[in-house]
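Protein chains in written order, with my numbering: chain A, 13 to 252; chain B, 12 to 118.
The hints are simulated quantities; they were obtained by calculation from the structure and are not laboratory data.
Any given hint could be a false lead.
To be verified - Footprint (simulated), chain B over chain A, 3 or more residues, beta carbon under 8 angstroms:
| no. | stretch |
| --- | --- |
| 1 | 37-47 |
| 2 | 59-72 |
| 3 | 117-128 |
| 4 | 131-138 |
| 5 | 143-150 |
| 6 | 159-170 |
| 7 | 193-203 |
Said to hold, decoys possible - Result set (DSS-like, lysine-lysine): computed pairs, CA atoms no more than 25 angstroms apart in a straight line:
| no. | chain 1 | residue 1 | chain 2 | residue 2 |
| --- | --- | --- | --- | --- |
| 8 | A | K57 | B | K116 |
| 9 | B | K14 | A | K57 |
| 10 | A | K35 | B | K96 |
Quick reminder that beta carbons are idealized off the backbone N, C-alpha and C, glycines included.
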Amino acid sequence: MVNTSEPARQQLAATSIFKEGLKAGWPICLGYLPIGLAFGVLAQKAGLNAFEIGLMSLLVFAGSSQFIAVSMLSGGASVLSIVLTTFVINLRHLLMSSSLAVYLRSANKTWTALFAYGVTDESFAVNLTRFRDSNWDWRQALVVNHSANVAWIASSVVGAYSGQFIPAGAFGIDYALIAMFLCLLVFQLRGRLYAVTAIVAGSLAVLLALLIPGNSYIVLASVLAATIGVIFRRKDILNA
Amino acid sequence: MLKSEYILLVLGMGLVTYIPRWLPIFSLSQRKLPQWFAEWLDLIPVAILSALVFPELVTGGSPRFLDLLRPQFVVAVPTFLFALKTRSLGGTVVTGMLLFWLAGKLM
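Same shape as in the complex, but just chain A:
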């Protein structure tokens, strides 16, 4: 086992950095496998081939928005509306990267550009915890980001192929997306303000989904609920 509190961290051999990164990142990789497979299967059912699926996983690397893009694609949505929805869904990374930025001072612009590509909800959670609790280095963090990326791309492409052999509804695969969102939602419930915001957003979304056709309820309900949440916090009705 590598002693992470060793002062000669900068002298760590590349293999050791790689090992430590994998040690921290393997649960993410494991967690991505069923989701990547499910994504590949669903995307293939929506009419995309393995290359197109792999390309989206490579260029976007953001699970929830990729699932939504695929469901919007099968619903006949326009390119612009999918890109705008993706933007709003992934805007949250702005805050994650802002909190990670202070720990990446020692890395140059090229490395940070490569690091930024791999900032996800999961890698952010793992890396920020490590950065705070130990003398975690940007290089290990980069391994976390990119091992997760490899697992994501590979599993989505494998899903694209195996999807052809899996009949509709098999193994409850259609529920993978909902289950993932439920779990990510649980991760976000960090206090009463978050729980109340979730309830407001969920109720508004259901109401708007019943009133207006299309997917605009997602953005409308989220923006409204977050705004109401901020007002609650500002008026001291609820604390974070």
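Dock chain B against the given chain A, drawing on the hints supplied.
Just chain B now, with coordinates in the frame of chain A:
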């Protein structure tokens, strides 16, 4: 969808996803976001996830109607509790799929 249109789509998605990931790290400035904006952004993930999942659980059909007895909603309760207890993404996905598959056999 045309191939060229699909390439445009994934490039667009990639770009709008990458910029918010990269911009704060690139600027590396200690300059903070306006407080209200940081607070707003902080609530966005929970709001989006909730807005995504709830209509999926309790509405169906086209045009959509309210249906509180959908297997999606019935299965969501134990799946949510499993996530709350284990905090495991992969485990929750597999459990949800299994329960939904069982619900399909039983309901």
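Right, here's what the structure says about each hint:
Counting residues of the stretch 37-47 of chain A whose beta carbon lies closer than 8 angstroms to any beta carbon of chain B gives 7, which meets the minimum of three for the stated coverage. Residues of the stretch 59-72 of chain A with a Cβ under 8 angstroms from some Cβ of chain B number 7, which satisfies the need for three, so the listed coverage holds. Counting residues of the stretch 117-128 of chain A whose C-beta lies closer than 8 angstroms to any C-beta of chain B gives 6; at least three are required, and the coverage claim holds. Residues of the stretch 131-138 of chain A lying with their CB closer than 8 angstroms to a CB of chain B number 3, which satisfies the three-residue condition for coverage.
A count of 0 residues in the stretch 143-150 of chain A with a Cβ less than 8 angstroms from any Cβ of chain B is obtained; the coverage claim is therefore unmet, three being the minimum. As drawn, the stretch 159-170 of chain A meets chain B at 0 residues by the rule of a beta-carbon pair under 8 angstroms; below three, the given contact is violated. Closer than 8 angstroms: that is the beta-carbon criterion, and the stretch 193-203 of chain A has 9 residues meeting it against chain B, so the requirement of 3 holds. The straight-line distance between the Cα atoms of K57(A) and K116(B) is roughly 22 angstroms, inside the 25 angstroms bound, and the hint therefore holds.
Between K14(B) and K57(A) the CA atoms are separated by roughly 17 angstroms; this keeps the pair inside 25 angstroms, and the hint holds. Distance hint between K35(A) and K96(B) is fulfilled; the C-alpha atoms sit about 23 angstroms from each other, no more than 25 angstroms.
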